[in-house]
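Based on the sequences and whatever the hints tell you, model everything.
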Amino acid sequence: MTTTKSKPAADLGAHLAACESFAASTAGHEWLRTLRRNGVTHFTELGFPTTKLEDWIYCNVAPITKLAFKPAASADASVTAKQLSPFAFPDWTGSRLVFVNGHFSPALSSLPAPQKGVTVTNLAAALASGDALLQSHLAHHASVDGSGFSALNTAFIADGAFIALTPNAVAAEPIHLLFVSAPGDAANTAQPRNLIVAGTNSSAKVVEHYVSLGGAAHFTNAVTEIVVGEGANIEHAKFQEENLEAFHIATVQATLARDSRFLSHSISTGARLARHNINLVMTGQGVDCVMNGLYAVGGKQLVDHHTVADHAQPHCGSHEFYHGILSGSSRGVFNGKIFVRKDAQKTDAKQTSRNLLLTDTATVNSKPQLEILADDVKCTHGATVGQLNDEALFYCRTRGIAEVNARRLLTHAFASEIVNRITVEPVREHLEQVLWARLEELIEKK
Amino acid sequence: MNPPLIEIKNLSAGINGKQILKGISLTVRPGEVHAIMGPNGSGKSTLGYVLAGRKGYDVTGGSVTYDGKDLIELSPENRAREGLFLAFQYPVEIPGVNNTYFLRAAYNEQRKHRKLEEVDAVDFLAIVRQKMKLLELPEAMLKRAVNEGFSGGEKKRNEIFQMAVLDPKLAVLDETDSGLDIDALRIVAEGVNKLKRPDNAAIVITHYQRLLNYIVPDFVHVLWNGQIIKSGGKELALELEEKGYDWLIGKNSK
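Residue numbers (the working numbering), protein chains in the order written: chain A, 2 to 447; chain B, 450 to 703.
Keep in mind that the hints are not guaranteed to be accurate.
Taking lysine-lysine pairs in the DSBU-like style, the calculated list, with each CA pair at most 30 Å apart, reads [said to hold, decoys possible]:
(1) K471(B) <-> K458(B)
(2) K592(B) <-> K206(A)
(3) K504(B) <-> K446(A)
(4) K592(B) <-> K351(A)
(5) K582(B) <-> K618(B)
(6) K618(B) <-> K458(B)
(7) K592(B) <-> K564(B)
(8) K561(B) <-> K446(A)
(9) K592(B) <-> K561(B)
(10) K582(B) <-> K504(B)
(11) K592(B) <-> K643(B)
(12) K368(A) <-> K53(A)
Chain B regions said to be covered by chain A (calculated; three or more residues, Cβ under 8 Å) [what the hints assert, rightly or not]:
(13) 463 to 473
(14) 525 to 536
(15) 558 to 566
Listed next, with one range per pair, are the computed distances between beta-carbon atoms [unchecked claim]:
(16) P115(A) <-> A589(B): 47 to 53 Å
(17) N662(B) <-> A173(A): 44 to 50 Å
(18) L245(A) <-> K561(B): 33 to 39 Å
No lab work stands behind these hints, which were simulated from the structure alone.
All residues carry an ideal CB built from backbone N, CA and C; glycine is no exception.
This is how it looks when you write it as structure tokens:
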């Protein structure tokens, strides 16, 4: 883990002033105010990361620090349901919670039918009603000293999604969380904070979906904490399709208890700069988790995935599959850490990172990082960067498929391998449509 | 006599400047099955790849006339569309591409080339179901990705299944028997036999005589060191089984 602290950026003045005015204008329990203050303190100390930090070496966030910082105080009321129709999943029967600029919009949302043991609401409402789970979990999982971004998000904790499942509760339908950046002038800033707490043997499927309505630059700084109880089963799909001027920084932090199962997806096609931190900590034995990811970018986009599979306990399995498709002069970064702690015997960790470069000017930095302190473990990793497999191309052509179509077919297939692991069909269908269009663009514009 | 479907004349070819085929001549007419036998490294698979048009395999001499056309001038896809099919020794896995989708894409590209109407998913499924029975394939195989996670036998059966659907004029089977147990071998061979008609032909490349108990060839050719050193009827295969290749090779390697 990186211990070097970043030097505070030259000027955090505007950000700190915003923190102050937010703290002054926002009510809340004392514990929450303490939490936010803690966020401000750490943000003041950390500032924004620079490329001198090992974890940010390929991810230059300087443009974000120069952006006017205007955290939204509430949902933009001008957004209409019609504007959201391109982001609806086909034949969707589940609920949808819409957040505009990070704040919940009841008018645009459809909450699930009440179900015993299943709470699906927004954080602000849960805070107002004094749900005890919040105090015991909020900001207890995602560290504020990891990067200035999480600290900044913590300083502004106000709204986001809150999902809680009591022991044995099984959410009847998948839950769609739609985070919309409203059209407007530059530098819309959204800082949603999401918390999912799944009790023993409970189960749910959650989709975290980020989109933009306008074309202007905006900044999303999201943190999602997921607490998966013993024997619980959670599928979390994150899909980021923001506009190509957007800046997206997000952390998914999951704590996985004994015998739980966690399926994480990260599909990233949008944003000028997208940084995804996905950290899974296995705190009990017998955990089985999957990290599944796909990025498809072009032009001057930068997409950076930093993942952590922390095997703190024995007999856990983590399986990681990341695919990248890069066109134009885009850049991809994949950094996959696997920690196997001293007592984590019988760990089974597998990681693959495969990248397809459609142009000579696209680049990828793929780095596995294994730190293994136990001796009876199985850990494998593999990374590839290159073009389409010649043998597969030839095989398609010998069946009569033209070379250009064979290339198309294999490129789409490379994406489908990842998408097919998502178990919610309407989500898969939506992704296939969006990805199809995006890949056609990348193939043609290269 | 029928006009030849394929006429290979004095064909020389190699890879990376290394000469592998050193003057092969072979004529196959519709309705015929030719077996090409030979020890490892004799150039059998190279011949298959050269006929299918694999990149990197350069023809350095001779000619191949297929159905009246210069085969070497055609791209691999156009060879397929003209009715040439290569069953791979090692079929390629294509994760993420559904087997039926793949085959329909191929089928329709071939139809388009022949100025025939493309077939929709429903009609195609009917064609596919009929051919599956022929090869005793489980329906589940249709829904899986092309060759992904298939056993060796399943991959070979899938090759013959593709052949059945695409209905080529000339099939080149490259060691389709290798890695098959006797039951799989029987199913694959029966599939090939059921597809045999007076207007199509097959070149069966094999290392072992075993396959030829099931697919009975009209002609047998022995390939060694890039040349056909002996041709004969089906009895030649039996002779090879009994005596091995050494008696032929010895004569030719003075």
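Outcome of the hint check:
1. Of the pairs offered as hints, the one joining K471(B) and K458(B) holds, with about 11 Å between alpha carbons and a cut-off of 30 Å not exceeded.
2. Using a Cα cut-off of 30 Å, the hinted pair K592(B) and K206(A) holds, with the two alpha carbons roughly 25 Å apart.
3. Of the supplied pair hints, the one linking K504(B) and K446(A) holds, its CA atoms being roughly 26 Å apart against a limit of 30 Å.
4. Between K592(B) and K351(A), the direct Cα distance comes to roughly 26 Å. Compliance with the 30 Å bound is thereby established for this hinted pair.
5. In summary, the hint linking K582(B) to K618(B) is supported, as the alpha carbons are separated by about 21 Å, within the 30 Å threshold.
6. Under the criterion of a C-alpha separation no larger than 30 Å, the hint pairing K618(B) with K458(B) is consistent with the structure, at around 20 Å.
7. Proximity of K592(B) to K564(B) is assessed by CA-CA distance (about 29 Å); at most 30 Å being required, the pair is judged to hold.
8. Among the hinted pairs, K561(B) with K446(A) is consistent with the structure: their alpha-carbon atoms are about 27 Å apart, no more than 30 Å.
9. Our distance criterion of 30 Å between C-alpha atoms is met by K592(B) and K561(B), whose separation comes to about 25 Å.
10. Pair hint K582(B) plus K504(B) does not hold up; C-alpha atoms about 35 Å apart against a cutoff of 30 Å.
11. A C-alpha spacing of about 25 Å is found between K592(B) and K643(B), which places the hinted pair at or below 30 Å, so the restraint holds.
12. Restraint check for K368(A) and K53(A): the C-alpha separation of about 17 Å stays at or below 30 Å, so the hint holds.
13. Counting residues of the region 463 to 473 of chain B whose CB lies closer than 8 Å to any CB of chain A gives 0, which falls below the minimum of 3, so the coverage claim is violated.
14. Remark: the region 525 to 536 of chain B is confirmed as covered by chain A, as 7 of its residues place a Cβ nearer than 8 Å to a Cβ of that chain, reaching the required three.
15. Figure legend: the region 558 to 566 of chain B, annotated as covered by chain A; annotation consistent (3 residues with Cβ-Cβ distances under 8 Å, at least 3 required).
16. The hint said 47 to 53 Å for the Cβ distance between P115(A) and A589(B), and at roughly 40 Å that hint is violated.
17. Taking 44 to 50 Å as the suggested C-beta distance range, the pair N662(B) and A173(A) does not conform, at roughly 60 Å.
18. For L245(A) paired with K561(B), a C-beta distance near 36 Å keeps the hint of 33 to 39 Å intact.
The structure does not agree with the numbered hints 10, 13, 16, 17 stated previously, though it agrees with the rest.
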